[in-house]
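On the provided structure of chain R, position chain D as indicated by the hints.
Going down the list, the sequences are from chains R and D.
Counted from 1, the first sequence has number 398 at position 413 by this note's numbering; the numbering is strictly sequential.
If you want this note's numbering, it's the position in the second sequence, counting the first as 1, plus 168.
The hints are simulated quantities; they were obtained by calculation from the structure and are not laboratory data.
Heads up, some of the hints might be wrong.
With a straight-line Cα cutoff of 25 Å, these simulated SDA-like cross-link-like pairs (lysine to any residue) come out [what the hints assert, rightly or not]:
| no. | chain 1 | residue 1 | chain 2 | residue 2 |
| --- | --- | --- | --- | --- |
| 1 | R | K484 | D | E186 |
| 2 | R | K516 | R | Q554 |
| 3 | D | K398 | R | M85 |
| 4 | R | K96 | D | D357 |
| 5 | D | K388 | R | M300 |
| 6 | R | K467 | R | V455 |
| 7 | D | K252 | R | D289 |
| 8 | D | K204 | R | I280 |
| 9 | D | K204 | R | L317 |
| 10 | R | K140 | D | A366 |
| 11 | D | K338 | D | E402 |
| 12 | D | K202 | R | T318 |
| 13 | R | K486 | D | P185 |
| 14 | D | K289 | R | M85 |
| 15 | R | K467 | R | Q480 |
| 16 | R | K557 | R | N345 |
| 17 | R | K484 | R | S145 |
| 18 | D | K289 | D | S331 |
| 19 | D | K312 | R | N94 |
| 20 | R | K403 | R | S78 |
| 21 | D | K204 | R | G231 |
| 22 | R | K486 | D | F183 |
| 23 | D | K287 | R | I137 |
| 24 | R | K484 | D | R191 |
| 25 | R | K486 | D | T279 |
| 26 | R | K15 | D | E286 |
| 27 | R | K96 | D | K312 |
| 28 | D | K312 | D | E402 |
| 29 | D | K368 | D | H405 |
| 30 | R | K96 | D | P298 |
| 31 | R | K296 | R | K326 |
| 32 | R | K140 | D | D277 |
| 33 | D | K252 | D | I241 |
| 34 | R | K140 | R | K403 |
| 35 | R | K533 | R | T549 |
| 36 | R | K486 | D | P190 |
| 37 | R | K482 | D | Q263 |
| 38 | D | K204 | R | V455 |
| 39 | D | K252 | R | I325 |
| 40 | R | K484 | D | P269 |
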Amino acid sequence: MNQIQFDAVIVGAGGAGLRAALQLAQSNYKVAVISKVYPTRSHTVSAQGGIAASLGNVVEDHWEWHMYDTINGSDYLGDQEAIEYMCREAPASVIELEHMGLPFSRLDNGKIYQRAFGGHTQNYGGEPTRRTCSAADRTGHAMVHTLFQKNIEAKTHFYSEWYAIDLVKNNQGGVAGLVAMSIETGELVFFKSRATILATGGAGRIYATTSNAYINTGDGLGMVLRAGLPLEDMEFWQFHPTGIAGVGCLITEGVRGEGGYLLNGKGERFMERYSPHLKDLDCRDVVARSMVMEILAGNGAGPDKDHVLLKIDHMGADLIRQRLPGIRELSLTFANIDPIKDPIPVMPTCHYMMGGIPTNINAQVLTQDNEGRERIVPGLYAAGECACVSVHGANRLGTNSLLDLIVFGRAAGLHLEKALREGIGDTSYDPEELDRINARLGRWESSNNTEDPAIIRREMRETMQNSFGVFRDQKYMEPGLKKLQELAQRLQHAQLKDKSKVFNTTRIEMLELDNLMDIAVATAVCANERKESRGAHSRYDYPERDDKNFLNHSLYFQDGRLGTRPVNQTPKYVPPFRLKDREESL
Amino acid sequence: MSNQSRVMTFSICRFDPENGKPRFMQNFELDIAKVKGTMLLSALELIKETQDPTLSFRRSCGEGVCGSDGMNINGRNGLACITKLHDLPERVILQPLSGFPIIRDLIVDMTPFFTQYEKVKPYLQNNTPPPATERLQSPEERAKLDGLYECILCACCTSACPSYWWNPDKFIGPAGLLGAYRFIADSRDTETPARLEALKDPYSAFRCRTIMNCADVCPKGLNPAEAIAKIRREMLHQTE
Chain R
-14 MNQIQFDAVI VGAGGAGLRA ALQLAQSNYK VAVISKVYPT RSHTVSAQGG IAASLGNVVE
46 DHWEWHMYDT INGSDYLGDQ EAIEYMCREA PASVIELEHM GLPFSRLDNG KIYQRAFGGH
106 TQNYGGEPTR RTCSAADRTG HAMVHTLFQK NIEAKTHFYS EWYAIDLVKN NQGGVAGLVA
166 MSIETGELVF FKSRATILAT GGAGRIYATT SNAYINTGDG LGMVLRAGLP LEDMEFWQFH
226 PTGIAGVGCL ITEGVRGEGG YLLNGKGERF MERYSPHLKD LDCRDVVARS MVMEILAGNG
286 AGPDKDHVLL KIDHMGADLI RQRLPGIREL SLTFANIDPI KDPIPVMPTC HYMMGGIPTN
346 INAQVLTQDN EGRERIVPGL YAAGECACVS VHGANRLGTN SLLDLIVFGR AAGLHLEKAL
406 REGIGDTSYD PEELDRINAR LGRWESSNNT EDPAIIRREM RETMQNSFGV FRDQKYMEPG
466 LKKLQELAQR LQHAQLKDKS KVFNTTRIEM LELDNLMDIA VATAVCANER KESRGAHSRY
526 DYPERDDKNF LNHSLYFQDG RLGTRPVNQT PKYVPPFRLK DREESL
Chain D
169 MSNQSRVMTF SICRFDPENG KPRFMQNFEL DIAKVKGTML LSALELIKET QDPTLSFRRS
229 CGEGVCGSDG MNINGRNGLA CITKLHDLPE RVILQPLSGF PIIRDLIVDM TPFFTQYEKV
289 KPYLQNNTPP PATERLQSPE ERAKLDGLYE CILCACCTSA CPSYWWNPDK FIGPAGLLGA
349 YRFIADSRDT ETPARLEALK DPYSAFRCRT IMNCADVCPK GLNPAEAIAK IRREMLHQTE
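The shape of chain R in the complex, shown without the other chains:
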């Protein structure tokens, strides 16, 4: 296997990876960005509504208010130190993006346009605020292109269409780089590196209905699990309320921020009943649950009463064309509906992974030793959706994800730059690691294998959808977990039906499925273990939040070991926010 030596390797070229790359490109270190797609194909491109920051361009705002909303939205599972860091850094991070050229929409006074979004309030739970900085409804597209462009300027070295396969560890429990495959040629290369940043995004493809791209297969999470490191809070998946019914692709919450609202089949604004204060602008978990309850009560819309409607025509054609052109395009394409005239049929769709690779606020990856002591994994960082720092806790607020990418992508770059200067980086590695990786790749080559990976993938996604959706219960989750474990076993004997080298997408999809399966099982195990309802994890059999027993992060190792981490309640600059019931806090 060929080896190339780098100071830092970044896996993933979405918002977090590109932001980290930019930080490091400006240093004189040798940095590579490995991405399985061209950078502008990364899923950040699909983000619509915007990025939260307390600029106060429309109404008074403070980062402390943003912090409060984020903690409350997280159902108190978010780490307060990390949330404080993110919300304090938000305004400067957004201004920095503007200086880079991001084409934000503008207010009449020339400042960045800000719109309302769910769960964001004024003055600690008051009226809805306008905190979301947006570029029409294409903010993620504008962001990923701007960052890609700045990386072109900075001459960042991209390995586009290279697929990261596995981390390579050294004998001291650190990471010495990774093995990746050129998708175009099938060549394997060991990227030996003093440090590795994982920025591989989410894994929504474990569900049958998702807003996520085909590429969102959680590759970094699979790599981490196989390296014997834990994942955190994998039971928490966000179901975005407004996916186009029957399709899953997203209609931004910004639609409701601009004045749109939900209607049931009888034409009633049902959110007024479920959430009298914030109504359609309540947190996503609340709105998604209300929609499902409304449909289960027989109040759905359409011939099968299986969805609800999102009405925006009252905003007027001009405003829709100006502020929401992308969602109009999507709903014309995918639902044959022009929202200027008719309401859009919507249903919750799997959207975001709150859990991920545990990190501290410097984006350094954490693990726990056998005695339960927390340890930093030398040479390994993670940022963006693949990481769990944890700023989203049990439920993420809309537009906090683009913020997370930028703030912690930058934090990873900053910390690593300093660490490289101070001389970190063990260049030794364990040669047995390369054998292990080769063996894993060779496993599917045998012609004795008979299982069809396409069938396994379909069954996995359906199991997740049916047993680990918006509402959960032991009586579905236990058999669901068993089914997943059986599928995971079958995947060991799956047949690779294309053994060629050049641009073999079938091989890549099998490797992706391996990662998805690990993540699905992790989700199922953690969801069964958490016997309470908190944020997006909502159980019929345990309907209440249980702070006494479950106010902690769950940790999952692939060998079956489970653990917990305490929730951080010690911010640096403000007193801690006390635990509250979410409804009384608004």
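What follows is chain D alone, placed relative to chain R:
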């Protein structure tokens, strides 16, 4: 969302550099009632899953914003993920984007495309120190970027441009030039003179013959030809 029963024939260009055979067209028949999803991409996914796992194509977002699955569909470039099966005739001929080297099946080498894009310095340049807050831009100034910044770099336009086929190394092509004009039009960019100067040679921008294929095929409804015309107009203003 599902489709009504209809058997369609997908005639797809096949090429595998490992088997030494020249390209050929292979027919796949599919009753689209079995396809989950109403778009061409979903049909291709099902063919790959159930008929031929070696069929190769790119895809990512599946909703027309990432630009991965540009291909030639019955003679016209477009994105498979937002091309409705319903709008296609019974026989669909799929070719890789023309003007680029073919790697395998519907996958072309995008390197020349991105090389041309990078030539226009597609990033904001501003030679004044940044203020503590955002650089102000009026809604009218910002509106000048509409129709430009939305480009998804799918290469449908450049691949449809005969001028690009003739001079792929010297003519920037419609996507790159749209990118160039996106920064020329940005009130925050101070490098317009240098940007125009760099495009003044007979090839970079002037090989555009206003054939208009670019605007015709753009899946995002953008008009690169108009942007190229505006670049030329700005050059004239500059010399006046």
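Against the structure, the hints come out as follows:
The hinted pair formed by R/K484 and D/E186 meets the criterion: a straight-line CA distance of about 11 Å does not exceed 25 Å. This hinted pair checks out: R/K516 and R/Q554 have alpha carbons roughly 22 Å apart, not beyond 25 Å. This hinted pair checks out: D/K398 and R/M85 have alpha carbons roughly 24 Å apart, not beyond 25 Å. Note on R/K96 and D/D357: the hinted pairing holds, with a Cα-Cα distance of about 17 Å set against a maximum of 25 Å.
Taking the CA atoms of D/K388 and R/M300, the gap is about 24 Å. The hint holds against a cut of 25 Å. About 20 Å separates the Cα atoms of R/K467 and R/V455, which keeps this hinted pair within 25 Å; it holds. With a C-alpha separation of about 24 Å, the suggested pair D/K252 and R/D289 falls inside the 25 Å cut-off, and the hint holds. Distance restraint check for D/K204 and R/I280: the Cα-Cα separation of roughly 23 Å lies within the 25 Å cut-off, and the hinted pair is therefore satisfied.
The straight-line distance between the Cα atoms of D/K204 and R/L317 is roughly 18 Å, inside the 25 Å bound, and the hint therefore holds. Restraint check: the Cα-Cα separation between R/K140 and D/A366 comes to about 19 Å, which is no more than 25 Å; the hinted pair holds. Restraint check for D/K338 and D/E402: the C-alpha separation of about 21 Å stays at or below 25 Å, so the hint holds. With a C-alpha separation of about 20 Å, the suggested pair D/K202 and R/T318 falls inside the 25 Å cut-off, and the hint holds.
Only pairs whose Cα atoms come within 25 Å are accepted, and R/K486 paired with D/P185 is accepted, the gap being roughly 10 Å. Between D/K289 and R/M85 the CA atoms are separated by roughly 13 Å; this keeps the pair inside 25 Å, and the hint holds. Using a Cα cut-off of 25 Å, the hinted pair R/K467 and R/Q480 holds, with the two alpha carbons roughly 22 Å apart. In summary, the hint linking R/K557 to R/N345 is supported, as the alpha carbons are separated by about 14 Å, within the 25 Å threshold.
Only pairs whose Cα atoms come within 25 Å are accepted, and R/K484 paired with R/S145 is accepted, the gap being roughly 22 Å. A C-alpha spacing of about 21 Å is found between D/K289 and D/S331, which places the hinted pair at or below 25 Å, so the restraint holds. Among the hinted pairs, D/K312 with R/N94 is consistent with the structure: their alpha-carbon atoms are about 17 Å apart, no more than 25 Å. For the proposed pair R/K403 and R/S78, the alpha carbon gap of about 19 Å is at most 25 Å, so the pair holds.
A distance of roughly 9 Å separates the Cα atoms of D/K204 and R/G231; the hinted pair therefore holds under the 25 Å criterion. Restraint check for R/K486 and D/F183: satisfied, since their Cα atoms lie roughly 13 Å apart, inside the 25 Å limit. For the suggested pair D/K287 and R/I137, the alpha carbons sit about 10 Å apart, so the restraint of at most 25 Å is met. Distance check on the hinted pair: R/K484 and D/R191 sit about 20 Å apart at the alpha-carbon level, within 25 Å; holds.
Using a Cα cut-off of 25 Å, the hinted pair R/K486 and D/T279 holds, with the two alpha carbons roughly 20 Å apart. For the hint pairing R/K15 with D/E286, the CA-to-CA distance comes to about 21 Å; that is within 25 Å, so the pair holds. Straight-line distance between C-alpha atoms of R/K96 and D/K312 comes to about 16 Å, which keeps the hinted pair within the 25 Å bound. Between the alpha carbons of D/K312 and D/E402 the distance comes to roughly 14 Å, so the proposed pair stays at or under 25 Å and holds.
Simply put, D/K368 and D/H405 have alpha-carbon atoms about 13 Å apart, close enough for the 25 Å limit, and the pair holds. Using a Cα cut-off of 25 Å, the hinted pair R/K96 and D/P298 holds, with the two alpha carbons roughly 14 Å apart. Restraint check: the Cα-Cα separation between R/K296 and R/K326 comes to about 9 Å, which is no more than 25 Å; the hinted pair holds. Restraint check for R/K140 and D/D277: the C-alpha separation of about 21 Å stays at or below 25 Å, so the hint holds.
For the suggested pair D/K252 and D/I241, the alpha carbons sit about 11 Å apart, so the restraint of at most 25 Å is met. Between R/K140 and R/K403 the alpha-carbon distance is near 20 Å, which keeps this suggested pair within the 25 Å criterion. The suggested pairing of R/K533 with R/T549 holds, with an alpha-carbon distance near 14 Å, which does not exceed 25 Å. As the CA atoms of R/K486 and D/P190 are separated by approximately 18 Å, the hinted pair is consistent with the 25 Å bound.
The suggested pairing of R/K482 with D/Q263 holds, with an alpha-carbon distance near 23 Å, which does not exceed 25 Å. Note on D/K204 and R/V455: the hinted pairing holds, with a Cα-Cα distance of about 22 Å set against a maximum of 25 Å. A threshold of 25 Å between alpha carbons decides the hint, and for D/K252 with R/I325 the separation of about 21 Å falls inside it, so the pair holds. A C-alpha spacing of about 23 Å is found between R/K484 and D/P269, which places the hinted pair at or below 25 Å, so the restraint holds.
Of the hints listed earlier, there is not a single one the structure fails to meet.
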